[in-house]
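Undergrad: Protein chains in written order, with the numbering used here: chain B, 1134 to 1625; chain Z, 5 to 455.
Source of the hints: derived by calculation from the structure; they are not laboratory data. Incorrect hints may appear among the rest.
Ranges between beta-carbon positions, derived for each pair [as the list claims (entries may be wrong)]: (1) Z:Gly236 x B:Gly1546: 53 to 61 Å; (2) B:Asp1451 x Z:Glu51: 29 to 37 Å; (3) Z:Lys291 x B:Asp1347: 35 to 43 Å.
Only pairs whose alpha carbons sit at most 20 Å apart, straight line, appear in this in silico DMTMM-like list of lysine to aspartate or glutamate [said to hold, decoys possible]: (4) B:Lys1528 x B:Glu1616; (5) B:Lys1182 x Z:Glu361; (6) Z:Lys310 x B:Glu1616; (7) B:Lys1429 x B:Asp1398; (8) Z:Lys328 x Z:Asp180; (9) Z:Lys310 x B:Asp1140; (10) B:Lys1294 x B:Asp1323; (11) Z:Lys328 x B:Asp1307.
For each residue, glycine too, the CB sits at the ideal point set by N, CA and C.
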Amino acid sequence: MSEKIIDRPIEPAIYAHSRKGRRCHRPPAPDVPVRPLDELLPPELRRAKPPALPEVDEPTLVRHYVRLSQLNHCIDVGFYPLGSCTMKYNPKLADAAAALPGVNALHPLAPEGMLQPALALMYEFEGYLSRITGMDRFTLQPAAGAHGEFTGIKMIRAYHKSRGNPRKVLLIPDSAHGTNPASGTMCSYDVVVVASDERGNVSVESLKEKLSDDVAALMLTNPNTLGLFEENILEVAELVHRAGGQLYYDGANLNAILGRIRPGDMGFDAVHLNLHKTFGTPHGGGGPGAGPVGVKKHLAEFLPVPTVEKTDEGYRLDYDRPRSIGKLLAFYGHFLVSLRAYVYIRYLGLEGLRGVSAHSVLNANYLLSQLKGTFLLPFDRLCMHEFVLSGKKQKDAHGVATLDISKRIMDYGFHPPTNYFPLIVPEALMIEPTETETQQTLDAFTAALLAIDQEAAEDPDLLHGAPYSAPVRRVDEARAVRELNVSWPEEA
Amino acid sequence: MDYLSHTPEERRAMLDRIGVKGIEDLFADLPNELVDPPIELPSPLSEPELLALLDAIKAPDHVSFLGAGAYDTHIPAIVGYLTGRTEFQTAYTPYQPEISQGTLTTIYEFQSAISRLTGLPIANASVYDGASAAGEAAALAIRSAKKAGRVLVSRTLHPFYRRVVATYIEDLSCSDGTCGRCEEIHLTGEGLTDLTDLEAKLDEDVAAVIIGSPNFFGLVEDWTAAFSLVHGKSKALAVAVSSPLPLALLKTPAECGADVAVGDAQPVATTLSCGGPYVGFIAATEKLVRKMPGRIVGQTVDLDGKVCYALTLQTREQHIRREKATSNICTNNALVALAANISLNALGPAGITELAELNLQKAHYAARELTKLPGVKPLFPKGRFFNEFALKFPAGRAERAFAELPGKGYVPGLPLGRFYKEYADGLLVAVTDRRTKAEIDGLVAALGEVL
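Assemble the whole structure, with the sequences as input and the hints as a guide.
TA: Written as structure tokens, this is what we have:
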């Protein structure tokens, strides 16, 4: 029987295209007088043969990467409601600014006179972030949110140490991102989990039980990972501070409250932001992001070096900070990511930023209002910028897991929500539409989820086998672990 | 000026559906007394205004011989073209492999390229930069060690890298209850790691020994001798720090006995960008695979048996293992790793060798010409170097050259006295493939005038 659809092979890794002797990029011949290689670098210092990189021609290489790119779902192709990751539209203006030749040519160790415009930008940007979050100072050095957490917790540890006792315990809600406890461990803290209450807030009772003079800090995301604003935040802040602890703000969810309420005013002592989430910089297939950290005055002396200082003679990099926690990156952080976020803030202004939070929350609640009749909503409240549903009803009634639903969502042309997180909701589907989606997109996504719910009832196996129209069928992730192959085998 | 689509009618319909009167009602959970604080931000700018503002962020025209961890190399034109594909730019971590094969396949390729450069079989999807890669390697060593928490770092390693390593481990618990601590290995008068001092400091409390080659002075170190001491006298992990271009010529870290190799692939991936984002790599021996930080991609098959890729060994990672994770890293520098990967594959074995030799030849030409200037000598005459070398200037002249040459259109290198008091008259000069003979000769002439 002839097939209408030909089952074509998927684009392989580039090594499959390699043929001995093919060339792509050729560096120029030296324009300086040369000496024999053996004289400059004797054979005993050199490798026996060149690294076995693939040998391909330029058209093949270009076609390879364009084909691979087409196997990705991305924001610019379709809806990407990956909860907690804030997959909003990435403004092209910011990319254009980051591609300008001047900023790209700046060497980080150039004489400070040459770096003045760049240092001015860092200084101004630090000021915007401080005002937006209600903090006193920022460092732009951390490279990502988790790196920011590490930086912030180290500063809190340094602060406690400077007062004679680094303390032992970091409190973390049971709904927290996995990075929070992992960052605590990197700073020698024992992680103690605080329970959530029946409204999805940090339980004040549980917090009181766990608080002691051993507690260094409470790490909190607000709105939390359930997409709910912590209703008792002021009481929580007071309790933590009364016990001598510090309050750390995981800024993953700042998008919801941008320009409306500030972590600093709520009582947070240190915050990290994710510029790639809140401030619209591209996620790059997994980075680079940026995780600047802001602190209140009492923590500022512990900031990583260098800080950017404004003096009468211009801007200056200050390495002379004896109580600094040190350095997190070789240089000053992801400058080109900060620059994009700077452009975002300057383009939108305060009213624009308030529009971001308004519409991220509007979109999330609108979507929630259409889905909550079909999927379980564990905490029935208005949400902020995201919400968490449970697929438990579909699981119990039809044996269809959240994983199956997620895979089927791909067939409808959308990226699935974050699933199985937060851990306190069984069969969790964490949905963050962001402000840059149209009502029509939200309606189309709703229609898809309602259709999938129908399919779950009528033909569960349809979902067990999904996806059908993605570039590949369901991927055997267990086998990737069992038969570990993490590098293209080298020919002997 | 925003990126929103909502018309007033749509907004009304959406609010009605939710069942609230206005958008402010959606924020009812926020404590009243703190809502809508005054926030002073400049008025919005238009697109042309912003581009003009950002275009002004540049240095006056000059020719730079700065390196010290950031190198001005030529990146093939197709790299920017391909990494600019929005399908790579605006996707995120490939949690859903069925619709992320593009990213997953390229990460697998990046891991393969790093393995081929270092000779070590297990590489990850990337870390933030070379310095944090060294920090992760030190942390990996402490996690692997039974009780040891001392990390010996050669004083010839980039001073900023040393500071980052210390920052990474100083608060990290060892199994004996103490925290990690860095100790420096002295350097010899020839600008190399002092192996006698290394030997004296090695004992069973050492978790890692970190040595860069080329080192901060641009010199090729004897990893083989150093790492054989490490393995002979301790259970410490031998950590090699390097970069893709020198690795194209030098004996691989694996051949020299390294357990872990780290570094920054910036020179083959991206512009100087005022320091970032760059891209760190980390590779290790098979037996350390479960201690590795970050994302790792493995080959597998789909339901139809087609070869494809997925994140693997995720039980090492924070989203599963939480406080017991091997690191907190999740978002890494994927797009810059993609640039490195494409660049390395465009070069291939022949191209990367030629490019490395081009750097080597240009730097050696520059060194020969510069040391013809009166009073200018190689700081370490016996050392072998790659594309960066240290010069000794007459007293006070290194800082002076750094201060005055920008006026003549050159940044001649980095004064070493800022990092090594004993080399107050030293200048670290990097000469990459992008520096022309005319520029090198111009530097020699300009320096001649200052001296």
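Undergrad: Could you run down the list of hints and mark each one as holding or not?
TA: Checked hints:
no. : hint                             : result
1   : Z:Gly236 x B:Gly1546: 53 to 61 Å : holds (60 Å)
2   : B:Asp1451 x Z:Glu51: 29 to 37 Å  : holds (34 Å)
3   : Z:Lys291 x B:Asp1347: 35 to 43 Å : holds (37 Å)
4   : B:Lys1528 x B:Glu1616            : violated (30 Å)
5   : B:Lys1182 x Z:Glu361             : holds (14 Å)
6   : Z:Lys310 x B:Glu1616             : holds (15 Å)
7   : B:Lys1429 x B:Asp1398            : holds (11 Å)
8   : Z:Lys328 x Z:Asp180              : holds (17 Å)
9   : Z:Lys310 x B:Asp1140             : holds (11 Å)
10  : B:Lys1294 x B:Asp1323            : holds (16 Å)
11  : Z:Lys328 x B:Asp1307             : holds (15 Å)
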